[in-house]
Amino acid sequence: MRRLLVPQQNLVKWCGLALAAAMAAASLFAIRSAAEPEPPAAQSPAPAAVLEEVLQIGDPDALQPIDLYLDFLDPNSATLIQLLGEEMRKQIEDRKLVVNLRLVGYLDPYSASASYSSRALIAMYLVTGETQTADTAWKFLRRLFDADIQPRQGALKDLSDSELADIARQIGAPESAADFIATGQDRANVDSHQIHLRNMARMSGLGGRGTPFATYRGRPFLLDPDGAWLNALVSPSSATPTTDAQEPPGGATGVNVPHQEVTPGAPITRPSVTLPPAAPAPGDGAAPAPDADPAPQDGTGPAPEDNPVSEEAPAPAAGPGE
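Taken in order, the sequence shown gives residues -34 to -1, 1 to 288; the numbers are from mature numbering (1 follows the signal peptide of the UniProt record, and there is no 0).
Each hint should be verified, as a subset may be incorrect.
[What the hints assert, rightly or not] Here are the in silico distance ranges between beta carbons for each label pair:
id, residue 1, residue 2, range
1, Q98, D60, 12 to 20 Å
2, S142, G193, 15 to 23 Å
3, I115, D27, 27 to 35 Å
4, R135, A15, 16 to 24 Å
5, S10, S79, 37 to 45 Å
6, L29, N155, 16 to 24 Å
7, A154, A194, 15 to 23 Å
8, L17, L122, 17 to 25 Å
9, A113, S142, 26 to 34 Å
10, E53, P26, 14 to 22 Å
11, R118, S10, 23 to 31 Å
Since the hints were derived computationally from the structure, they do not count as laboratory data.
Quick caveat: nothing in here was measured; it's all calculated off a predicted structure.
The beta carbon of each residue, even a glycine, is placed where N, CA and C say it ideally should be.
Can you build the whole structure from these sequences, using the hints too?
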């Protein structure tokens, strides 16, 4: 019996040590688990919404809001989107930027159909309204500004509604949006002419002389092709892009770069024809939502730089949504 007691005592001793070690390991694991934060939940896609003459691309609560004026036939608008469209998309999805898109159609007379800018505007509204996601809406915008898609001013052909619908399908827009674009079933709900008039009136009142044109909280700023303005917007160390300090004489802002020079070092030029006399720019606003619009004025816009027109030139054609 004596010989049997010694092993039993050792067994009890080693079992106690093993139990203590297990408890210590469990305590250490619990401490580490409490100290390590849980991985963040997957963020929902950034939204997009139709707000009368504004397409809001991104979260309305995003850190930085800008109003961006574009014409789908404008090579300078294409240059901006080709250079910075992808970076803008990332900032929109990260909730650092929301783009209040203000589309115009002042270049309609320079398209083969005399209505391309307005029809592309309507297509953009239909895609945004049907998908309600920033990613799909922004993909469609970028695709329409790609060099192999955007028609040339003065060309003998532009895109038909069926071709615009096919592009919508290719970028993943709902079939309902493509059908509306191709058939014009929902076109009555998008008054492209009024959208154009209101946005042109606002751009003119802020001193804009052509597209692309942008404002931050109601104040124009330079859209330099190197993207410094975008970095200034989303950088934690900088709250706003440069506005008044870098405005050129006459208060005009925006990029006006030749279509073929899609490079960061592309020179900035200015349109040769101006909009009506500019009204004083409004003061700084605090809300990120699009600013209220002045009463619509006439929709006459600047001629494209490479297509100057006389005073007798026809006014921009009304969009199909009239």
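Taking the hints in turn, this is what the structure says about them:
| no. | hint | verdict |
| --- | --- | --- |
| 1 | Q98 - D60: 12 to 20 Å | holds (19 Å) |
| 2 | S142 - G193: 15 to 23 Å | violated (35 Å) |
| 3 | I115 - D27: 27 to 35 Å | holds (32 Å) |
| 4 | R135 - A15: 16 to 24 Å | holds (22 Å) |
| 5 | S10 - S79: 37 to 45 Å | holds (39 Å) |
| 6 | L29 - N155: 16 to 24 Å | violated (32 Å) |
| 7 | A154 - A194: 15 to 23 Å | violated (42 Å) |
| 8 | L17 - L122: 17 to 25 Å | violated (36 Å) |
| 9 | A113 - S142: 26 to 34 Å | holds (29 Å) |
| 10 | E53 - P26: 14 to 22 Å | holds (21 Å) |
| 11 | R118 - S10: 23 to 31 Å | violated (39 Å) |
The structure does not agree with the numbered hints 2, 6, 7, 8, 11 stated previously, though it agrees with the rest.
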